[in-house]
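Trainee: Please take these sequences and the hints and turn them into a complete structure.
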Amino acid sequence: AQSVTQLDSQVPVFEEAPVELRCNYSSSVSVYLFWYVQYPNQGLQLLLKYLSGSTLVKGINGFEAEFNKSQTSFHLRKPSVHISDTAEYFCAVSKASGTYKYIFGTGTRLKVLA
Amino acid sequence: DTAVSQTPKYLVTQMGNDKSIKCEQNLGHDTMYWYKQDSKKFLKIMFSYNNKELIINETVPNRFSPKSPDKAHLNLHINSLELGDSAVYFCASSQVGGPGQETQYFGPGTRLLVL
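So the protein lines, in turn, are chains A and B. Residue numbers for the first sequence follow the numbering used here, beginning at 1 and rising by one. Residue numbers for the second sequence follow the numbering used here, beginning at 1001 and rising by one.
Hints are not guaranteed to be accurate.
Calculated Cβ distances over 10 Å to all of chain A for the following chain B residues [claimed, not checked]:
(1) N1017
(2) S1020
(3) E1024
(4) N1051
(5) A1087
(6) E1102
The list that follows gives simulated cross-link-like pairs (lysine-lysine, BS3-like), each with its CA atoms no further than 25 Å apart [claimed, not checked]:
(7) K95(A) - K1009(B)
(8) K1009(B) - K1067(B)
(9) K1052(B) - K95(A)
(10) K111(A) - K1067(B)
(11) K1044(B) - K49(A)
(12) K1044(B) - K101(A)
(13) K1019(B) - K95(A)
(14) K1041(B) - K111(A)
(15) K101(A) - K1071(B)
(16) K1041(B) - K49(A)
(17) K1040(B) - K111(A)
(18) K95(A) - K1071(B)
(19) K1040(B) - K1071(B)
(20) K1040(B) - K1052(B)
(21) K69(A) - K1067(B)
(22) K101(A) - K1036(B)
(23) K69(A) - K1052(B)
These are computed hints drawn from the structure, not numbers from a lab. Glycine is no exception: its CB is placed at the ideal position from the N, C-alpha and C atoms.
Mentor: Listed below in structure tokens is the structure:
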């Protein structure tokens, strides 16, 4: 079975500062990894995903994530955040074959301060 | 031209009532999902249908019954609502087979409050 851990439930950061949101996963089989963002009172929007190949993945809104197989991590980064990035961020994992059932982490609330 | 839509957006009801939430996708996908997000924001899959066939059924009370009249629709009926059913319910869809099959597209959510 797969599992996902997002260690930080809340991350406050000042506007224009860099941010890293941490995600670690556990799986005995190959996986796909995802980051989704949920703005207040909205659905989930895909930021980026890792399937295979280059371990550095670039997504929308200036976000990127790096897949590290040895550390079983998929941390999300942005070099300079904006107020509009304030949202809940979810890391998810699915098996790389068969039924693509998502297992989500518990989410990290990013609060960007002026 | 919303890709995945849900109705209603908000639902407030009394304990013991029966209610339905509807989901429709216009992406031409063949697989649809229901997720439950609890008050702590934890998201967990409940069901998945592929071409109207149930393919994922997590440990969910029998009071929850999904119905897929066609591959563009997946409805969720809940009998005898309980306080613990209060949550946000998200519908999602994907296309199994081919590029992008692993990516799910989510609806805006239905906020259910049971009093």
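Trainee: Are the hints correct? Go through all of them and say.
Mentor: Quick rundown of the hints versus the structure:
At roughly 24 Å from the closest C-beta of chain A, the C-beta of N1017(B) stays outside 10 Å, upholding its exclusion from the interface. At roughly 19 Å, the least C-beta separation between S1020(B) and chain A is larger than 10 Å, which holds for a residue marked as non-interface. At roughly 14 Å from the closest C-beta of chain A, the C-beta of E1024(B) stays outside 10 Å, upholding its exclusion from the interface. Against chain A, the non-interface label of N1051(B) holds: every CB pair exceeds 10 Å, the least being about 13 Å.
At roughly 14 Å from the closest C-beta of chain A, the C-beta of A1087(B) stays outside 10 Å, upholding its exclusion from the interface. Residue-level check failed: E1102(B) sits 5 Å from the nearest beta carbon of chain A, not beyond 10 Å. Taking the CA atoms of K95(A) and K1009(B), the gap is about 31 Å. The hint is violated against a cut of 25 Å. Our distance criterion of 25 Å between C-alpha atoms is met by K1009(B) and K1067(B), whose separation comes to about 19 Å.
Of the pairs offered as hints, the one joining K1052(B) and K95(A) holds, with about 22 Å between alpha carbons and a cut-off of 25 Å not exceeded. Between the alpha carbons of K111(A) and K1067(B) the distance comes to roughly 38 Å, so the proposed pair goes past 25 Å and is violated. With a C-alpha separation of about 19 Å, the suggested pair K1044(B) and K49(A) falls inside the 25 Å cut-off, and the hint holds. With a CA separation close to 10 Å, the supplied pair K1044(B) and K101(A) stays within the 25 Å bound.
In summary, the hint linking K1019(B) to K95(A) is not supported, as the alpha carbons are separated by about 33 Å, beyond the 25 Å threshold. Distance hint between K1041(B) and K111(A) is fulfilled; the C-alpha atoms sit about 16 Å from each other, no more than 25 Å. With a C-alpha separation of about 18 Å, the suggested pair K101(A) and K1071(B) falls inside the 25 Å cut-off, and the hint holds. Of the supplied pair hints, the one linking K1041(B) and K49(A) holds, its CA atoms being roughly 21 Å apart against a limit of 25 Å.
Taking the CA atoms of K1040(B) and K111(A), the gap is about 17 Å. The hint holds against a cut of 25 Å. A distance of roughly 23 Å separates the Cα atoms of K95(A) and K1071(B); the hinted pair therefore holds under the 25 Å criterion. Proposed proximity of K1040(B) and K1071(B) is contradicted: the alpha carbons are some 31 Å apart, above 25 Å. A threshold of 25 Å between alpha carbons decides the hint, and for K1040(B) with K1052(B) the separation of about 31 Å lies outside it, so the pair is violated.
With a CA separation close to 39 Å, the supplied pair K69(A) and K1067(B) exceeds the 25 Å bound. Distance hint between K101(A) and K1036(B) is fulfilled; the C-alpha atoms sit about 14 Å from each other, no more than 25 Å. Our distance criterion of 25 Å between C-alpha atoms is broken by K69(A) and K1052(B), whose separation comes to about 36 Å.
Consistency note: the structure conflicts with the earlier hints numbered 6, 7, 10, 13, 19, 20, 21, 23.
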